[in-house]
Structure formats: structure tokens, C-alpha cells
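Number of protein chains: 2
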Amino acid sequence: MHKLSLEQRITSMQTLFIPESIAIIGASADPSKPSGQPLESLLANGYKGKVYPVNPKYNELYNIPCYPSIFNVPGDIGLAIIAVPAAITISALKDCVSMGVKSAVVFTSGFAEMGGKGKVLQQEMTILARESGMVICGPNCMGIFSAHNALMANFAVTRLPERTITDSFLGFISQSGGFGAACYSSISERGIGFSHFVSTGNEADLEFSEYLAYMIADTNTKVIGGYLEGVKDGVKLARAAEMAIEAGKPVLLMKPGRHEVAARAAASHTGAMVGSDRVYDALFKQKGIIRVESVEELNEVLNILVSGKIPQGRKVCILATSGGSGVMLADKCVEFGLEVPELSADTRNKLDKLLPDFASSINPVDITSQVMTQPALLRQCAEIILADPGIDILMLCYWAETLGEVEIIEQIAEISGSTDKMVLNLVNGQEEAARDTLEKLHDKLIPASRDGEYAIRALKLLTWYNEKKIGYGSELSFPELPAGAREEVAAYLDDFAPGAKLTEFQAKKILRAYGIPCTKEILAVGPEEAVEASAILGCPVAMKIESPDILHKTDAGGVMLNIDSPEKVREAFTRITAAAGEYKRDADIRGVLVQEMLPPGTELIAGISRDSVFGSVVLFGLGGIFVEVLKDVAMRIPPLSEIDTMEMMDEIKGKKVLEGVRGRLPVDKKALSQVLLRLSMLASDFPQIAEMDINPLLAYPDGVAAADAVIVLKA
Amino acid sequence: MHKLSLEQRITSMQTLFIPESIAIIGASADPSKPSGQPLESLLANGYKGKVYPVNPKYNELYNIPCYPSIFNVPGDIGLAIIAVPAAITISALKDCVSMGVKSAVVFTSGFAEMGGKGKVLQQEMTILARESGMVICGPNCMGIFSAHNALMANFAVTRLPERTITDSFLGFISQSGGFGAACYSSISERGIGFSHFVSTGNEADLEFSEYLAYMIADTNTKVIGGYLEGVKDGVKLARAAEMAIEAGKPVLLMKPGRHEVAARAAASHTGAMVGSDRVYDALFKQKGIIRVESVEELNEVLNILVSGKIPQGRKVCILATSGGSGVMLADKCVEFGLEVPELSADTRNKLDKLLPDFASSINPVDITSQVMTQPALLRQCAEIILADPGIDILMLCYWAETLGEVEIIEQIAEISGSTDKMVLNLVNGQEEAARDTLEKLHDKLIPASRDGEYAIRALKLLTWYNEKKIGYGSELSFPELPAGAREEVAAYLDDFAPGAKLTEFQAKKILRAYGIPCTKEILAVGPEEAVEASAILGCPVAMKIESPDILHKTDAGGVMLNIDSPEKVREAFTRITAAAGEYKRDADIRGVLVQEMLPPGTELIAGISRDSVFGSVVLFGLGGIFVEVLKDVAMRIPPLSEIDTMEMMDEIKGKKVLEGVRGRLPVDKKALSQVLLRLSMLASDFPQIAEMDINPLLAYPDGVAAADAVIVLKA
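Order-wise, the sequence lines are chains A and B.
So for the first sequence, the UniProt record's numbering puts the first residue at 1; every next one is plus one.
So for the second sequence, the UniProt record's numbering puts the first residue at 1; every next one is plus one.
There's no promise every hint is true.
Same chains, same names: a pair is fine if it fits in one copy or spans any two.
In the DSS-like style, the derived pairs of lysine-lysine whose C-alpha atoms are separated by at most 27 Å in a straight line are [what the hints assert, rightly or not]: (1) 119 / 440; (2) 353 / 117; (3) 119 / 309; (4) 285 / 57; (5) 232 / 670; (6) 631 / 315; (7) 631 / 669; (8) 119 / 353; (9) 285 / 653; (10) 631 / 655; (11) 656 / 631; (12) 469 / 119; (13) 309 / 33; (14) 460 / 653; (15) 94 / 714; (16) 460 / 631; (17) 117 / 33.
Just so you know, these hints were derived from the structure itself, not from any lab.
The model shown is predicted, which means the values in this text are computed figures rather than measured ones.
Starting from the given sequences, assemble the full structure and let the hints guide the process.
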């Protein structure tokens, strides 16, 4: 069987989410149990299709007929819910296949999460799905629901909400059923409607990325949220993320595993294959997935997204009814990467005319408690600020009690509705009054929050997302390679055994073929050839041992720098080869590499690495102590765009070094970008490259050059 | 008049906080105005002393006699509340002084916050206070309250709470009245009782640090919170902080100004003198002040502190009813510096016996939704975990609905009460149920929260505070100085004019006198003397121009390194002096410093700087690109303890460099600590040193040495 494309999978999943009938294998009368819950809630929520409970123990359940076996069911079955013990789950699924059932949700646990025999059972399930074409959600899951057709094939969410402020807004996918249910509860309580909810379980067949793709394709769903511990197929996740940003649908994921302890627990929790968290993070940055830190943060972002607006820039004006809160908020804005610019003179003049003497029209604007006796101030000042073209976001911070009367909330709604700019309300005050105000604002889909830090973090995430989305449209344009480069490198690599380590001389051949600038060098097999080489290159030169058996050349006494006369070159050749022979008696010594001495430049590193989930990864960082001490490395997954390479340069902590420190000029970012793009092409063209390290890559105001390099092939 | 000690000020402030009678100058009948509010709330809350409204417009107010002037008041006045226009405030205060009034709260605005004439008026007020001995709160403030005597001398807080879970727990001081009132509202709503509340206003007399000291001395107050924009006298704040940590009373401050925009706004807001935020931060770290980021975070810390327990270590066990939430929390714990260690084999065995197969006894422990049908699991597992000696903190994460019945809350209370370890509850679930559960737990003074991140941040802050408090007991022990060092340096510095810049040779004399190791060096006035010097020191040597007019020696061509023969020394002398003469024609050239060449070591910087608020500051960091690009510098305020110096080394981002990278051995931290302690002594002994820079300070496995230094004296 061949692998289906993501698009084909989306089509198959319609049988799961829009079934015309449902059989519940192992249905029971107890709604507090997974076996009893779905029947109760399908009926209670008004699912329109046929429902067939299957259990030899009952004649009927909830006043509808119950069938002894699936073979007795009197009609076609679109979806089967499996709630039978693990031991008979596979045979139940086989029965489903034989009855032409197109999809199944398997609640049963006792599979890969148990290890050993459970793992084998799950593999059987995977093969069954692949061979039969039946799509399976689970096992070890809490199931799915879909709101528009009241498809309650789960035991996590039993009732559709009575009232939402926005219908079918959010699709949600969770790799933890219990936590997913907690998220559902917390989000839906705020009135945000779900289009779908999925507890993925062990993902024997359908995977997180596929549900994600389905919801992106679903016209009802506006935003997708989720809890992700890890995927098996990084490329599929990347593809789904691309679909999302192209469709303009924000994807908000909670992803634990930044720290080893959580990664360890997550791996044990789902038995999922978990790659390096740093690569997930890189993918998210690259493809515009919004990484949220908690369900609280997710709620804050949704709180803004339901308004249908997204912040169009980072420039915030804070308008507060107390000086202190304005100042605290301003600090937080800057901390999280927003700007709090000065207002234009015109804006300040207008504000000063309105405000009392003891107020302040400096951003953060302090309109003081004057607003309590003169509530119209809030609206008047807001209008003036929103007219300032230097402001993208207005943050209104006030006490709920100030707005006791409904008219002021109407005014805020009006202000908010009259502008494309973001108007965010921070409501202080007594709990009850504040909650009441928040609810009124939320009902009008106006962003309003009680916690300044969370609101600011949400604004930051969305400004980032918006910038990402705008930049994303630009097509990938790959640098042109020298003619025949691919063929040349392919032929060259063919000569090496799997797992081979290429020497500097060999690695640079490949780099040069792909147009990556390298030091000029000549391989000398004897002292006289070395002298000749130095004459061609011009003294001083660097000299390095060339041997596939010696990768750490310095340790072997195999590197000498700044050699400035023919005599010294001759002497160096002898000394280097002797030292290498001593270092490793039977080393295969190919000669000594005679190399031009590059002038001092900014030391960078660039390279390719492999991740177990995502495959090749392109790396970039500052060389030396920065990478060693601070692990200051940016990464992206091929194919890289020019924007990706620019973002990598902007992402490292020591980025100021690229701008030039200690009197140096800025490095040539265009040339650097070219190197990263060409590395990306190398990584894509030759997956057999397991590792490549250019260290150092020397950067100058007018170009870059690889001064040393190694390549390791996949074993 | 001489400056009173902090202890004397505390005594004087009793007249402000425990007055036997109060006059309200400018009292009015309108309780919505500052002039009307205090009288209403003093009477309504049952203030026991005499209250005398003063206003010629009324004969009586609220059924008590109102007096035309303070001179008509028929008894002694302890405290005067001033609510008259700015123009007549000073004369009102003078009247008070003449009537023997001991303290005043001035609501009136129109002083330093207005600049110009207002500033002059405020200076008059300051002088009046100093000369008369009357203590003044304000002007431009919302006043004070004190709970035990129902002293409502303010218009921010009008009613004492009907019910608290802990009385007189928190003293609160705010440099923003409005924000302070918002904090009061938010904190007291959780049932936390205030001992005092102060809106400091412009601090013409009483300052933030003095209120702080007062509350530390107050036996009722357990914890002090506050909103601080800046102080005028950093030393006083440091002294109050010392009193607090010695008294074991946590101080929790919100301090905006990390970023320039907030610092700018804060300065404009109160007209306060604001030092560098980094120095405040250093002081907080040094003296155990807990810096909280918002009133939300403050509330979270208080939520833990009311339990009377403080976490005794960083080792957290998470026990959650869903795998996902446990994993997310584990990630956050590590991110904020807590540990989530593996449980002992014994603990895991015991848990495994209790838990169902699909649960996990790995920390974070996932007890799954099994708890819904078997609620006793929570208590049983908690008891097992708390018995594990490797765990300091138990974090229970569950749905409120799980504990619907009161008995389980009783069980949690019992668990919590039976151990000195911290038990923190994270309550998920439907808003109403969760709030109900939280309230029940809070009533029993059990830490419980709805937001994991905030709870974890609070735990982190308190573990830090606890470690700080434990370490703090150790007395300061200063290194011994060479005999006569102080006198020698004092005499030497006397020869320099204010603002003088000391050369390397001069600066190192001072360093050596204080026992700070320096390179060996000899000042040579001619080429032959230089050759002689190099013979004494041994070649190779470094040679540097010595001129008070040339501080940037390298720029002037005034530095040559690795000079390895007498001829080259002679030549270098001529070359260096010639270059210096060319660089600056009339430079006063004293000769050339001939210096031993130190072997390569770890390049550090250390020095002294001055802050406008805190005076001398001792700095330490990694040299070169780290300090330039990352501003990776730690600072402390003299006198430094050995613990301070160790914390400085631990605080820098590049601290791994001190442990040895690239095959280097760790640097000699003891020797480094000695240098910082001796710099601290220099800074304390000679406040005329405005700046001192040791750059580089070379560190080795067995010692350190100053390779270059400059000193700048105060102008």
C-alpha cells in the first residue's frame, strides 16, 4: 500500500466527522462510562443520523433497539465507536471492515502506551487501517466531536453549549484526553464555540497533523488550537502548517518539552516519538504556528481573535485611569517586544486640552480617576489616540466600576467598531463588577481581559503572526547552482561508504560545487609541492593535515597558521605529517592542505544536522564561545526561504555581533543568506548527509568564506 | 538640623499611624471628594479617637461640631489631614505646627509633580517638616490607613473589610495612589487583611523606605507589599531591606522601569529621582526583596505566604489528574528554576500499587480521571509522595468537580496541615465550581490557585527568598588589608584634583595597596631604563604609554605586546613615545610602563561605578564581547559579603566560562571573590572614586591579576 497524500486523507476523514450513521460496539446503559456516554449524548444533543448500539446484553438502550452484533445492524454504518476490551478490539475492527464501515473511534486502552504486547496489537491496528482504507481515531482516546452535526463520538464533552458568542470558531486537537477536556471546558465557558474536538489517543492511524489539515480545510473552522506532545512525521506537520498559513487560519499549539523532564514525561505518556523540542520550535517560527504556553494564554489569544481583528503593528498606546498601572503595562509591553512610542505633538495637544492638570498625556496616558466624575473622557481620549497614525493598538485600562452604566460599554463597542485598529480592554476592579463588564464586552466580541501580562503576551504573539503571514506570501526563490552541480556532487558522494566522514578538502569540494565560497587551497603531497602551493596562493599560508582518520586536526598537531616563507612551509610539512603519524600510527595521510590565510573576520558557524522527526535541519550561529556557552544557534527546516535566513540572523542572542562590534563593519548578510540557502539545497538534494559543519564561516563586510568544514554521511 | 536615623523616624511615625485625635482641615460634606471622604469613613469604621472637622463654612458635619479654624479646636490634635488648595497648604501646616500637631497627611496636589513653582512650594514643606519635627505624608497623596485603630485618613479605601482570612497581615505602600487603591481592592477581595495602607504621594518628608521600616517594626504586620517607582536615598532603602530580612518579613515590590519607556513615564508621574533600574534589581537580589511583576503575581505569592509555610527547597512533585496538565506544569517548573526530580523507587512502588495500569508514577504523576470514581486516590498518593525525602513541594492539580464533596477538601486540609512541606493546589474546572473550591481552600489558608504559571512563579520567588534568608545570617567578614593601606591611599588620592583620571600605573598603586593582585611593572623614563626594567621582569614584556592625557592607549599607538629582546624594548620605547606625541601634541608623557606578559587567561572585568541614587556600585562580568554584546554584568552595592560575590559569579549569563570552557580549568573563584570584596572596601572607603575599571582582569585556576586599570575621581 502506498502512502496517501494529506489531501487524500482529508477526504477520507469526512467519513469520520460527517457519518450518516453510527454503531457503538460495546454500548452500555451507564452514561458515566465510556461505553455508555456516547449513546446518551448523541441522543440528547440531537444527532440526526441513525444510531445503532451493539451489545448482546441489551435488547434496547435509551428506548432504541440494541443489536447483539454488528452483523445484525439493519443499515449501513458510517462510523463505529469501539468500546470493547483490548483483547477483542482488533477482531471488532475486522468485523467493521467486513461490514464496509468507513471509520472508527477506538476508546479502548491497552495498546502502545503499555509497551510490549500492546505495541504489537497497535501495529496490527495500523496495518488493518492501511490495508482496508478505514480511518481510525485512537486507540486509547476520548474520541471526537463535531458541532454542526452534533457528532458526540466521545466521553470528554457530553453537551453542546447552550450559547456561544461565536459558533464553530475553534477546532481543537489534543494528544492528552483529560487535558483536552479541561481545555474544552475552560475555552467554551468563555462562549467560544468549537467546530470540532479530537482526542487523538495513540494515533495508530490518523495523526495529529492530519486532523489539523482537516480542520484547516473545513470552512466553518476559523482557528485551530491544540495540545501537541510530538509527531512521528515532521514533514507532514510542516505541510499542514503551510496549509494553515496559506489559508490564513491561525494555529495555536501548546507544546510541552522545552525541558528534558517534560520531554521525558511526554514520551512516557503517549509513547509518541518525540524529536528535539528546539526543532519543533524552529518549525513553528518558520511556518507561523503560534506556540502558547498554557490554556490561559490560549484563551487570551482567542479573546482577541474572536474580534475578527488582528493587530496591524507593534505600536501600543496605553490609556489608563491610574499612573501606576499605565507604567507597569508599558514595562510589560516593551518586555514582550511591543513598542510604546511617544504620541504625536498634535495628539498630545488635543489630549492636554481635555485632561485635567494632574493627568499626563505622555504615553502611557494617565487620565486619572477624573474619569469617575467625567466618564466621557474615556471615549474622547480613545478617539483622539486612535486618530494618531503612529499607533496600532489602543490598550484601555480602567476600573469596571467606572463603567457601571451600560452606555459606556456601548461607547467602547462603538469606538472598537469604528476602527481597524486593535482596541483591547483591561478591566480592573471588584471581581463581580469586573466579570460582569468582561462578559458584556465579550458578548460584543470586544477583546477584554483581567490580566495585563497575558493580554500583552497575546498581542505580541498575534503581531508576530501577522508579520509572519504578510511575509509568507513571497515565493521561495532558490539561488542558481553552477551547471551540473547536483550531478557532480551526487557522483562524488557515491564514492563514499555510508557513515563516512569527509575531510576538509573533500567537504569543501561539495560546498564549492554548490557555490558556497571557501578558502583557496591546494593539497600538497610532499614538502616541495607545499612550497609550490604557497607560491601560487601567496604567503602567509595555513597548513593542515589531510587525513580521513584525523577529524580533530588541531588535537593531532595537524594545524599551523601564518607560515610566511618557503623554508617554513617545507619545515611545516615535515612537522605536521610527523605529528599526525605520531597521533595515529596507521592514519591514512593524504598530504597537507596548503590554504590562503584569511584576514580576521566575524567567526560564524553554519551547517546541517538531522532530527529524528524532521529530517535535515539547517543551523546557523555565532562561532566560538557564543555557541559553546550560550548554545546560541538558530535552525530552520529545508527548504529555506530568504526570509527564513534573515529571521535566523535576527534570532540569535548575539545578533549585535553581525551588525559590527569593536569597530567592525556589519557583515554581509546577503552573502550569509546565500550560504544558508545553498546549505538548504544541499540538505534537500542529499539526504544522505547526516551532518555538515562549516566552522568557522568567516564573515566580512563584503562576503563570507568557509575556513574549515566537515561532512558526515548517514550510517 | 541633622538627619534623623531610620529608627528615630519609626518612632516619630507613631504619631502619624496611632494618633489620639484627628483634625480635618478643609473638611466637606461630600463623601465623594477627598475633603469629605475621611470624616465619613473615620466615623463609619469606628475610629476611637476624637475627630475635629475644620471649615468655616459648616457648624457641624455628620452631627459632630465643625470648627472655623484649627485654633478653635478644643483639644490636642495628633494628626491633621490637609484638604485645602495648594496656595494655602503651607500656611495651614504652619498653623498645625504652632498648635503642636505632630503629623499631617496632605492630600493637596499642585507641588513637585507640576514642576516650577510647585517644586518651590514643596521644598518649603520639606524644610517646615525638618525644622518643626512634624512628620508629613504627601503632598499629592491619597493618604493612609491603619486597620487596628480604624485610622481612615485617606480617600482610597473607605471601608475596612467585613471579613478576612488573616487579619493585619499585609502592610502596603504605593507611589501611585490610584494603582495602590486597585491593588488594595484586588488583594483584600481575596480575604487578606491589611495592617496599613499608604499612598506616599510626592514624599516631601516621609519616604517610601521609612514607611517600609515602620511596617517592619510593626508587630502586627507579617508581610510588606508595595509599588515603587524610585527613591531619592538608596542607602535608606538598603537599610530598610536589611531590617526586613533580619526580621524575617518578606517584602514584595512591584517596580516598573526595567525598560526606558516605563522609567520615563514613572519619572514624569511622580517627579521622583529614579536611578538605574539595574541597580535597584541588584539591591533587591542582594537584600532579599522579592520583585513581583504585577498585582496578579503579588496575589499569588501572598496566597502561599498566608499559609505560614514557605517552600523549603526546589524539588517539586506534580500530581495531576491528566497527563497533559502534569507535563505542561513540569515544563514550567523547570523553566522557572524549580526541579522535578524522579521519585525514589520506594515511592514509585507504593504509587504503582495504588494506581490503575494506564496511570503513571513517573514525576509528573498522572493519576488519571480514575480519581473521579475513586476520590480517595488523591489523599493516598499525596501521603506517599510527601513521605519521599527527595520532595519539598507537592503540587496537586485536579478538577474542582472531582472534589465536589466537602470531605475531600477536608482531606486536603489534613494533608496540608500534617506536613511542613508545601502543598499547593491547582484547581481546574468550571469557573463556578473552581472558584468555590478555591474559596474553601483559601478559607483554610491552604495555597490554591487557578493559574499554573503564576503559582510556579510564586513558588520560585519564595524558594529564592528562603535560600536568601538562610544565607543572610552569615556576618560580613572583610578581608584584611595590608597595614596602613587606607592611610596610604587617602594620602595618595589627596594629590589629585577632583575629576582627575588616574593612569594605569597610578590606579594599580591603589589596587595593590588594597591587596588586589596586578601585573608586575616598572615605569621607565628612557629607553635604557626600559631595557633594565625588561631585564628585571624577564622578557617577553608588554610596553604601554604612561600619560594622564592618554587614557585610550591602544588608539594612540601606545601599546606593544610580546617584546622579547633588549633591542626590541629600546626600539619600542622610541616608537611608543613618538606615536603618543603625534596622537596628542602636548600630552604630558611620564614614560613607558614595562610590564610582565601574563599568560592567556579568562578575561573578566571588575570595577566600581556610581549610581545617582545608590552611590557606589561594584561591577563584575566577563570581558570582551560578552559585556559588549550581552551587557552581561552583575552588580552589588557595598558593603559586599562573600555570598554576594558568589551570587555575582552565578548570575552572569556566561557563567559557564568561569567553570572552564575549551579545555580550560575553572577559574579561581576564591581569588575573584577577594578582588570583589576589596573593591567593595575601596568603594566604601573612598567615595571620591567615581569610576574604576579593571579591564581585563585575567583569571587563572590559581589566582587572578589586573592587567589594566583606570580610576576616575568625582568632579
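Hint-by-hint comparison with the structure:
1. 119 / 440: neither (51 Å within a copy, 44 Å between copies)
2. 353 / 117: This pair counts as between: shortest inter-copy Cα distance 21 Å, intra-copy 78 Å.
3. 119 / 309: neither (46 Å within a copy, 46 Å between copies)
4. 285 / 57: Neither. Shortest intra-copy (53 Å) and inter-copy (69 Å) distances fail the 27 Å Cα cut-off.
5. 232 / 670: Cα proximity of residue 232 and residue 670: none, with 35 Å in one copy and 50 Å across.
6. 631 / 315: Between copies only: 26 Å across chains, 31 Å inside a chain, cut-off 27 Å.
7. 631 / 669: The answer is both: 21 Å in one copy and 24 Å across copies each meet 27 Å.
8. 119 / 353: Between. Shortest inter-copy distance 23 Å satisfies the 27 Å Cα cut-off; intra-copy 73 Å does not.
9. 285 / 653: Answer is both; intra-copy 16 Å and inter-copy 24 Å each pass.
10. 631 / 655: For residue 631 and residue 655, the Cα distance is within 27 Å both inside one copy (13 Å) and across copies (13 Å).
11. 656 / 631: Classified as both; 16 Å inside a copy, 11 Å across copies.
12. 469 / 119: The answer is neither: 40 Å in one copy and 52 Å across copies each exceed 27 Å.
13. 309 / 33: So residue 309 and residue 33 fail the 27 Å test inside a copy (42 Å) and across (41 Å) alike.
14. 460 / 653: both (19 Å within a copy, 25 Å between copies)
15. 94 / 714: Answer is neither: 39 Å inside a copy and 88 Å across each miss the 27 Å cutoff.
16. 460 / 631: both (25 Å within a copy, 24 Å between copies)
17. 117 / 33: within (25 Å within a copy, 77 Å between copies)
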